[in-house]
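Protein chains: 2
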Amino acid sequence: MLRTHTCGELSLEDVNQSVVLCGWVQRVRDKGGMIWLDLRDRYGITQLLFEEGKTPAQVLETARSLGREFVVSAKGEVIERLSKNDKISTGAIEIRVSELNVLNPAKLPPFLIEDETDGGDDIRMKYRYLDLRRNIVRKNLQLRHQVARYTRAYLDDLDFIEVETPVLIKSTPEGARDFVVPSRMNPGQFYALPQSPQTFKQLLMVAGFDRYYQIVKCFRDEDLRADRQPEFTQIDCEMSFVTQEDVLSTFEGMIRNLFSKVKNIELPEVPRMTYADAMRQYGSDKPDIRFEMKFTELKGGDQDLTSGKGFGVFDDAELVIGICATDCASYTRKQIDELTDWLKRPQIGAKGLVYVRYNTDGSIKSSVDKFYSDEDIKKWVVALNAKPGDLILILSGQADKARKQLNELRLEMGTRLGLRNPEEYRALWVLDFPLLEFGETENRWFAMHHPFTSPKIEDIELLDHSLGMVRANAYDMVINGVEVGGGSVRIFERGLQQKMFEILGFSQEEAQEQFGFLMNAFEFGAPPHAGIAFGFDRLCSIFGGADSIRDFIAFPKNNSGRDVMIDSPSVISDAQLKELAINVV
Amino acid sequence: MLRTHTCGELSLEDVNQSVVLCGWVQRVRDKGGMIWLDLRDRYGITQLLFEEGKTPAQVLETARSLGREFVVSAKGEVIERLSKNDKISTGAIEIRVSELNVLNPAKLPPFLIEDETDGGDDIRMKYRYLDLRRNIVRKNLQLRHQVARYTRAYLDDLDFIEVETPVLIKSTPEGARDFVVPSRMNPGQFYALPQSPQTFKQLLMVAGFDRYYQIVKCFRDEDLRADRQPEFTQIDCEMSFVTQEDVLSTFEGMIRNLFSKVKNIELPEVPRMTYADAMRQYGSDKPDIRFEMKFTELKGGDQDLTSGKGFGVFDDAELVIGICATDCASYTRKQIDELTDWLKRPQIGAKGLVYVRYNTDGSIKSSVDKFYSDEDIKKWVVALNAKPGDLILILSGQADKARKQLNELRLEMGTRLGLRNPEEYRALWVLDFPLLEFGETENRWFAMHHPFTSPKIEDIELLDHSLGMVRANAYDMVINGVEVGGGSVRIFERGLQQKMFEILGFSQEEAQEQFGFLMNAFEFGAPPHAGIAFGFDRLCSIFGGADSIRDFIAFPKNNSGRDVMIDSPSVISDAQLKELAINVV
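Order-wise, the sequence lines are chains A and B.
The first sequence runs 1 to 585 under our numbering.
The second sequence runs 1 to 585 under our numbering.
Errors might be hidden in some of the hints.
Just so you know, same-sequence chains aren't split out, so a pair can sit in one copy or run between any two.
With a Cα cut of at most 27 Å, we get these calculated DSS-like pairs of lysine-lysine [unchecked claim]:
(1) K401 - K126
(2) K294 - K404
(3) K387 - K54
(4) K456 - K75
(5) K87 - K263
(6) K294 - K351
(7) K126 - K217
(8) K126 - K499
(9) K139 - K261
(10) K499 - K107
(11) K107 - K309
(12) K75 - K107
(13) K217 - K294
(14) K365 - K334
(15) K404 - K351
(16) K456 - K370
(17) K378 - K84
(18) K217 - K139
Rather than coming from a laboratory, the hints here were simulated on the basis of the structure.
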């Protein structure tokens, strides 16, 4: 080793020891007679001392020549520091340097290597290897390593086997768009990169592996939003001879174990909510339950507290729903107008916002005073369980749209009211998802989870006439309003699987060509099985209290799928194209 | 859970308990009044008992209807077995079944699900999910999981961080052929799949990660030999502020730890050999040192015990080398002819074989009696340290070829003499590889390891005039004649890296375009660093005492790079091609 210690481990106990440290120059303070240098490595910072008269002249000269981020090795004696720094673990000592070697000089970095940096996103991505030197970025990746370690430890303890499934697989038309890989040895044919190891893990169950997991890269060629990556990592799991309940308890255990080990937080038992309730009460299949503010239907179902008073907007609406924002009656007209404008942006698309101020003096002021009496509105107040000082916000229209819009408004109000503390964690199981959803554009049914998800046994007969009513044995885990995992009980019988493909519009030949290997496997003794997959990058970002998964990926790609550091993708040679028997159009 | 216990855990302690087991029907023995059924899962086999008169008639009927590999659930009482089977852990008990349910019937499998199967390679690959049910195949993958676990535990303890590097990277002309992935969002451009995370792990060192590892999939589009896979797994590692010695001791420690934990074998300290010695003494850079049989040069270097006696073959030869096969003087003429024919096959390409029998009575018989006196040949016997009863085998010709051929002969003799026991393990470090090798066809120099390997400091001046003489700080670990890992101290200075690319025939522009990101990174404070990568599939096959890596991969591809189970690669749709802006030629 070029060093005897790291920059994070020396303390008063080591005083008088001769040591060699290696690292990067974080900062040099030259006070004329004395020079202090902060030497940094992954483990910490240690202060080096150079003193006119005591330090060899040559060493002093070298110290004066150093710039930020030079890589040096320093030999010296550990001494007690006069003015101690209790913010760092090595703050009680410093090194009186007797030898100093520059291992590699450094050009001035294009941005500050500090927690608070002056570098913008683009420059930091281009020089990602410098960005990764910043403590906060490196700590995210250390956290990621810890989450992976504890995940493996938990699953290993439960007899799960990690099995690597192939990366070069087969393109299938169902699901998102595949990345493909031309095969040189099979001209005109292509591999696909897996969107998930779904069929392989099911085959491992057919093979009797009983409990499988894998922390595995997956790939989707989708148009990237801020928080999607073309390659991402999953904790992928499958179990045999289990019910949905077993999967829920096993993986609730995993998540609680991770919170305990990684965050030192004892997460309470994870509550459960049906998809139907989640949509009705929160307008979302991934509600943030750190705060209440549930939806109240003023018109909808059997209830109608709004029609027949001459307010056409509500009269024509399929649904009128509201939320109650505690202590917000003091919102000014300007604030409410601003909220209304926010709702009318095309991303949300609401037509307008109705409000009711329930003032602290008990009086009521609403934006629909001219249609509704105080008496009428009192009924709304009761329905919403509003207290004096509260503000009621109401949206209306086509039911699905109104719920989606109110979900956005609820989350926005939660944020504005400080009810979404990233250091507070509330997990939730959402259950009983619909099996199918109808694609209006394509005019056909799609699997909501994927085609291998089992309908609930009691709903199987609905497959013959009421596809939209069929519920699946499918479940999502949601933390703080973010879907972190999802899974289902799987179909394990050839007949039912074939029927699913029919419903999804596959001809028998297409189903056999694409998924014949799986349906055949079901005929050779497939056990009942179920599974789940967690978005690993996302889970890490939640543990890190951050919004973006990109900060938890060592070398992420930008929104155009480019790695700007290595400048990829790039053109390849004609010789390569020829070997692969493809042309660029 | 559909079961209360697995098929591998019940014992006499559980007698009288009511249990539910699930699993596969391994075997049914119907003796009329009694039926015994072996129920199998991953954890073991438990015997089920059905008895005419005692077992409900309906259950008996179901039991009689079962075929091999049916999936069933059985409820019953644990009872002590009359005739115990001490070969299995549950052999003292059986289950008196009261309820039996078929969870899924099974068609007759196309081959026997037993350790000794009647299925050939092709059928077992097509039905890999059935092959994986066989104990010996599943155990290989369980072993793989254990090797991964202990690898991670060892490295985690030493403060290594596992970091995931990207799979969608950039194609580079150096090294093997890349698999490429057309980018839809960047038409005409391609990602490449990594042949190794080499440049990324070096960037992590520049980023100050200090100690990195990753168990990671890598990809090479090469023509496949029996024991190559287009996708394979590496244990990839890198360290900063270290010398070659630190890497050797850290990873020798890892391998010894794995042998201890996985195989319960205490491997002795790993000996070291230079590349030059390995080639001279074994004709191979990966000698199998489970047995001696080192090469002796009869003509070569300063020695010449063969020239000037009228035997033109030896007179014209650059090198005459032999090995001594202990106790093989009794080899018949037929056996020696057969060895000669084996050597003359085109795979080896020897012109002929000279032998000397040193009989137990002290007499000598050789195939070149007519050119050499007993006196002459006695000198050979002394040089080879042969004892009465030994057989000397001699090859000659151009030095490199003769060594390669004798290496093959030595290994073959080792095998024939039973000196290569797969359960005996001998590891070896091979050091001081040449930095460069000359490609005759391409008429240029190639990096023997890769372009990032550092020359030995004392050999750097040779870069200006004697490229073939430059030794690298590169090392391989060899176990039982198989290269399981290799690495090097890296170049960490831009100037030297640039010089390497020049030597390899890159123009300055090409070097900058392909590897500019790395050379730029070296200018911002790159620490000295070194690393190693182990072939994980290969390592597992060695621990498993097997020759083929394919047995240690869950879903391997065949020699044409095809997955015959899922039938991949395959054609993709015109719509997909169009979106990707490519044509099939």
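Evaluated hints:
Proximity of K401 and K126 under a CA criterion of 27 Å is satisfied in neither setting, with 41 Å inside one chain copy and 49 Å between copies. Taking CA atoms no more than 27 Å apart as the test, K294 paired with K404 passes inside one copy only; the shortest distance there is 13 Å, against 78 Å between copies. Taking the closest pair of Cα atoms, K387 and K54 never come within 27 Å of each other, the shortest separation being 74 Å inside a single copy and 70 Å across copies. In the homo-oligomer, the alpha carbons of K456 and K75 lie at most 27 Å apart only across protomers (25 Å), although the nearest pairing inside one protomer, at 70 Å, exceeds that limit.
When the C-alpha separation of K87 and K263 is checked against a cutoff of 27 Å, the pair qualifies only within one copy, where the shortest distance is 21 Å, while the shortest distance between copies is 46 Å. Taking the closest pair of Cα atoms, K294 and K351 come within 27 Å of each other only inside a single copy of the chain (21 Å); across copies the shortest separation is 88 Å, beyond that limit. For a Cα distance limit of 27 Å, the shortest separation of K126 from K217 qualifies both inside one copy, at 23 Å, and across copies, at 25 Å. Taking the closest pair of Cα atoms, K126 and K499 come within 27 Å of each other only across two copies (25 Å); inside a single copy the shortest separation is 50 Å, beyond that limit.
Taking the shortest alpha-carbon separations for K139 and K261, only the intra-copy value of 16 Å comes in at or below 27 Å, while the best inter-copy value is 31 Å. For the homomeric pair K499 and K107, the shortest alpha-carbon distance between copies (20 Å) is at most 27 Å, but the shortest distance inside one copy (65 Å) is not. With identical chains, the CA atoms of K107 and K309 are never at most 27 Å apart, being 74 Å at best within one copy and 68 Å at best between copies. Taking the shortest Cα distances, K75 and K107 sit within 27 Å of each other inside one copy (24 Å), while across copies they are farther apart (73 Å).
Proximity of K217 and K294 under a CA criterion of 27 Å is satisfied in neither setting, with 37 Å inside one chain copy and 46 Å between copies. In the homo-oligomer, the alpha carbons of K365 and K334 lie at most 27 Å apart inside one protomer (15 Å), although the nearest pairing across protomers, at 111 Å, exceeds that limit. Taking the shortest alpha-carbon separations for K404 and K351, only the intra-copy value of 13 Å comes in at or below 27 Å, while the best inter-copy value is 82 Å. Taking the closest pair of Cα atoms, K456 and K370 never come within 27 Å of each other, the shortest separation being 49 Å inside a single copy and 89 Å across copies.
Taking the shortest Cα distances, K378 and K84 never come within 27 Å of each other, neither inside one copy (65 Å) nor across copies (80 Å). Taking the shortest alpha-carbon separations for K217 and K139, both the intra-copy value of 21 Å and the inter-copy value of 25 Å come in at or below 27 Å.
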